[in-house]
Every structure is written in structure tokens, then in C-alpha cells.
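Based on these hints, arrange chain E on the given structure of chain Z.
Number of protein chains: 2
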Amino acid sequence: MDRDLFDRMCSFTSALQDDICAAIADLDGSEFVEMPWERAEGGGGCSRILQGGQVIEKGGVNVSTVHGPVPPGLAGELPGEGAEFRATGISLVLHPRNPKAPTVHANFRRIERGKTGWYGGGADLTPHYLYEDDARHFHGVWRAVCARHALADYPAWKSWCDDYFYIGHRGEHRGVGGIFFDHLAGDPLAAADFVEDAAGAFLESYVPILARRRHEPWDEGHREWQLVRRGRYVEFNLVYDRGTVFGLKTGGNIEAILMSLPDPVRWVAGHTPEAGSWEERTLAVLVEPREWV
Amino acid sequence: MDRDLFDRMCSFTSALQDDICAAIADLDGSEFVEMPWERAEGGGGCSRILQGGQVIEKGGVNVSTVHGPVPPGLAGELPGEGAEFRATGISLVLHPRNPKAPTVHANFRRIERGKTGWYGGGADLTPHYLYEDDARHFHGVWRAVCARHALADYPAWKSWCDDYFYIGHRGEHRGVGGIFFDHLAGDPLAAADFVEDAAGAFLESYVPILARRRHEPWDEGHREWQLVRRGRYVEFNLVYDRGTVFGLKTGGNIEAILMSLPDPVRWVAGHTPEAGSWEERTLAVLVEPREWV
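From first to last, the protein sequence lines are chains Z and E. If you count the first sequence from 1, you need to add 270 to reach my numbering. If you count the second sequence from 1, you need to add 270 to reach my numbering.
Some hints could be false.
[To be verified] Just the calculated beta-carbon pair ranges, DEER-fashion:
hint	chain 1	residue 1	chain 2	residue 2	range
1	E	Ala292	Z	Leu344	47 to 55 Å
2	Z	Gly312	E	His541	22 to 30 Å
3	E	Arg560	Z	Ser281	49 to 57 Å
4	E	Ser429	Z	Glu301	28 to 36 Å
5	E	Ala554	Z	Thr542	38 to 46 Å
6	Z	Thr542	E	Arg560	39 to 47 Å
7	Z	Cys316	E	Gly338	48 to 56 Å
8	E	Val303	Z	Glu550	17 to 25 Å
9	E	Arg560	Z	Phe516	28 to 36 Å
10	Z	Glu550	E	Asp489	50 to 58 Å
11	Z	Leu344	E	Ser547	51 to 59 Å
12	Z	Glu301	E	Ala414	32 to 40 Å
13	E	Ala455	Z	Asp423	50 to 58 Å
Everything labelled a hint here was simulated from the structure, so no lab data went into it. We put the beta carbon where it would ideally sit given N, CA and C, even for glycine.
Isolated chain Z, as found in the complex (with noise of 0.2 Å):
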């Protein structure tokens, strides 16, 4: 393993949850609560959680850092050999009040496992309104990452994360998507410049869609269109998100891993959007994926 590119990625995602944490906590007006957890086998994590805010109404920004035996199970999806792994990134989902506000996602790792190690991770978008310009907005800053960096491929990674957010029971991906890349390794030093690059510019790619959406006008029916879609976030994250699914059934820490779930949610049956509504088009944007920048 090589301590160093583990504990620059430690040293580093630390650093940035307090960035994050910042900047959105001065856009809300309120702190977020910070909820320490260990690991039994090894290692822990600190969860930042922000509720019921004036922006936020739920949002978490987690670090962890864990070491131990491969857990079974996951010893076929790990590269690598060794019976030790350690893991260590930050993940964060943020559900703002406001229905025309997106929610968003992004996560970024570092995983080893004996003498291999690489990153993974990402940022998607989720809007219960589409605004084209937010999706362009947000795409385009992802596309000017990878573009600085010659191991970065956008199209691919693009491509791949509307692959992998995808609700098959509903045949609808879960947002407008960003970008999803895994088993990143290559030049460990371009990798490990990349990832924090990536990570470095999640705030530039969602804090301006927040604050001019923050306060755009809104209405019962908006409201409901918002808790019923957040009721589809609930069953990608339950039913097929590898990480969420993975943690639950392997003893993770319950309280991070479920910090992604939105509050409130609704499920109503045969709920569907008018014909030509802008939640109609909102919708078939999640069904056929778009080319954004």
C-alpha cells in the first residue's frame, strides 16, 4: 500500500468536508451537527448533518476513514490481493427545500487492498424541475475537470454515470447524471491530482445552481412533485446503490449511510404529471438521458 497517496486523499477530503460544510452552512444560515462514528472492525468516520435549514432541509457531508479484513463478500469486488483493506473518501448528498432547487450527489474514495490501490467516485444532479441551464451548467464543469487532466474521459464517464444511476423498476434514471468513474489507479500522482481537482470543484459546480434557484417561487403541487421524486431517490439508494445496499447488509455505520435519504418523502399511487407539464418534461428527461455540453 503506499501510505502516502492514503493519507494525502485522508488529509485532503478532511480539509474539504470543512470547505463544504462551510460554504453551504453561510448559505443557509445554519451549522451543521456533527456525528462521530466508529467502526467495529477498524477505522470510523465523522458525518456533518444539516436539517431543516432555510436551503438545506436535509444534507450530509460525510468523511471516513476504515481498515480491516475484506469483508466477505466483497472479496470478489475488490482488485487486488490480501485479505486487509482500507477505504477512505468524503460523500455527501444535499436536499434543498425548495422544489426547483436540484438535488445533488458526489462521492470521491480512495480503496487498497494489498499492493493495488485506486480511486473512484463522482457528482450527479437531480432536479425535480429541469432547468437546462443548471444541467449545463453543472455538466460543463465536470467536462472542464476531466479536460485538464489526460486520464479524465467525460464522454465515457458521463455515459456511465446515467448507466449507473439508473431506477431499472421505473425505467427512469435518478437525475440529469455528472460523471461516475471507479478503479481509477494509472499514474498513482495524475490520479491522485485529478481526484482532488474533481473533488476540489464540486462547490463551483452546484453552489451557483443553489443559489439561484434557492428562491424561485413554489407552490403546493410543486411541493408534492418534489416529494414524490425524492420517493424515487429512496429506491435507487434502497434498491440498487452497490455502496448503500452493500453497507446495510455489512454492518456499516446505519446514520451515514442513510444521511442520504431525503425527509420528507411521499409515495402516492398513480401519480403522474399532466401532459405537457413541466414535470412531464422534467421526467422524460430522466427517461431518454441527454447530451448536456
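Below, chain E without anything else, positioned relative to chain Z:
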């Protein structure tokens, strides 16, 4: 396949759907809305949904009769031989509005593959606030039904129910249980008699509880606890329930499958009941199931 027993189950569940919906609609003062659906591979069903009632905030009573090739991935789970299967049954979930009134679920089905046919099903109760009288009444009805049939085994099926409705990542059972049985064949006519007696006892098991809890006083604190507990219900159904996960991944009718999800629902991070509170005492019973009768 035994056409008589299959047709008998179809007719029985269809009539029972009428009876249950009539009784609940009468108690509620609202009507169920019928949502029929067809299955591409053969068969279909009819969901009846009640949303936004006076007593039932969301509920559904579904019947379905499906047939066709054994779905890929299910071959190992279905006893018997042959490439074709058929299944018929009734499934219901009722989520009352009053936090003091428990949610209930029941399901009775007949499945056939080749020459092999069997019954499965059960009923279970999910209180947000435990009234021991309610748990005793509910279990008392199911114990009495089982006592009337030589092939039924209340103690074993009570344990099976506790084991099945277990939310592993929370270390909690979904509710106070009831009965759960599967692969019930034996004397086919005796099995059919038992299943009809049991399914026919549903209203007796639940309506007296609903009738006496629907008017209990409650405040916003009770409501919050109810909505957080509903989140656990969603977690069980989407992460563990065999029927739900299988149905979602193999193209079942989404509205009929997810009719079981409550509305609205909350996920509040770090939500724990106060020491010595009714909420905490209820949770203790979900962690450590009891014998009720």
C-alpha cells in the same frame, strides 16, 4: 396442476377483496379506487387503493392471477418441475392516519409449478405505539385460526414471521409479528380450507384494533414518530422483502408492488426516543420479540 384448487383460490380471493374493501371503506367513509393492470407475460391483477381517507391514510388491497414461463432467477426458488408456473393471491397493506393505530399487512397466495402446488401467506401488525392488548388480540385470532386446523402450527409460524420481518441493519423487527407460512401443501383440501379460514379471519384480526385506536388523541410528536417508523417500513420492503425486490427486478406491476409503501414518510438523522418514553418501550419490543398468547 390442480385446476380446482387454483380456480377455488381465484374465486375466494376475489370475493374476499370485495369484503375487505367494503368493511374498510365503511369504517373510513371513503371509497377505494380500482386500478386494474395486465402482465405482459400472462395474467394481471386489480389493485384497489384508498388514499387520503379519514382513517386510512394510504392502503391497498390487491388481487392478482398470473401465469407463464418461470421467470429467470426464480427457478431455484419454486419447488416442482416444469417451465411454467401460475400464481393467484390477495395482498393488502393498510397505513392508518392516527399514529396510535397500527399498520397491518396480510397476504395469501397459491402457486403452482407443473404438478406441484402450494400455499403461502400470513399477516403481521406494525404498531408505532405498542398497546399490548392489540398485540394479544391480533395474535389471539391467528392462534385460534391455527388451532382449528391440524396442519397449521401457530408457534412455528409466529417465529417464522418474527424471523422474516426483520430489518437486519437496524436490528429491529418490522412490527409485533403475526404468522408467516410458505410451501404449505400436505393434504391439499385441508390446506385450502385452512388458507380460506385464515384469510377470512383478517377483518376479525384487525378491524377491532383499528376501530378502537382511530380516535386516540395524538400530537405532532406522535406524528413525527409515526412518520419516522414508516421509514423503517420502507427500508424493510425495499431492502429485504423477497416479493418486493423480486417483483421490482423482474418487471412486476410497479404500482401494485409499491402500493405497500406508506405516505408520507420521514428520515430524520439521529432520531432516538427519549429514555423511558412510550416510543422507547415500543422499540424495545421490536428489538426483542415477545410471545403474545
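Indices of hints not satisfied (ascending)
4, 10, 11, 12
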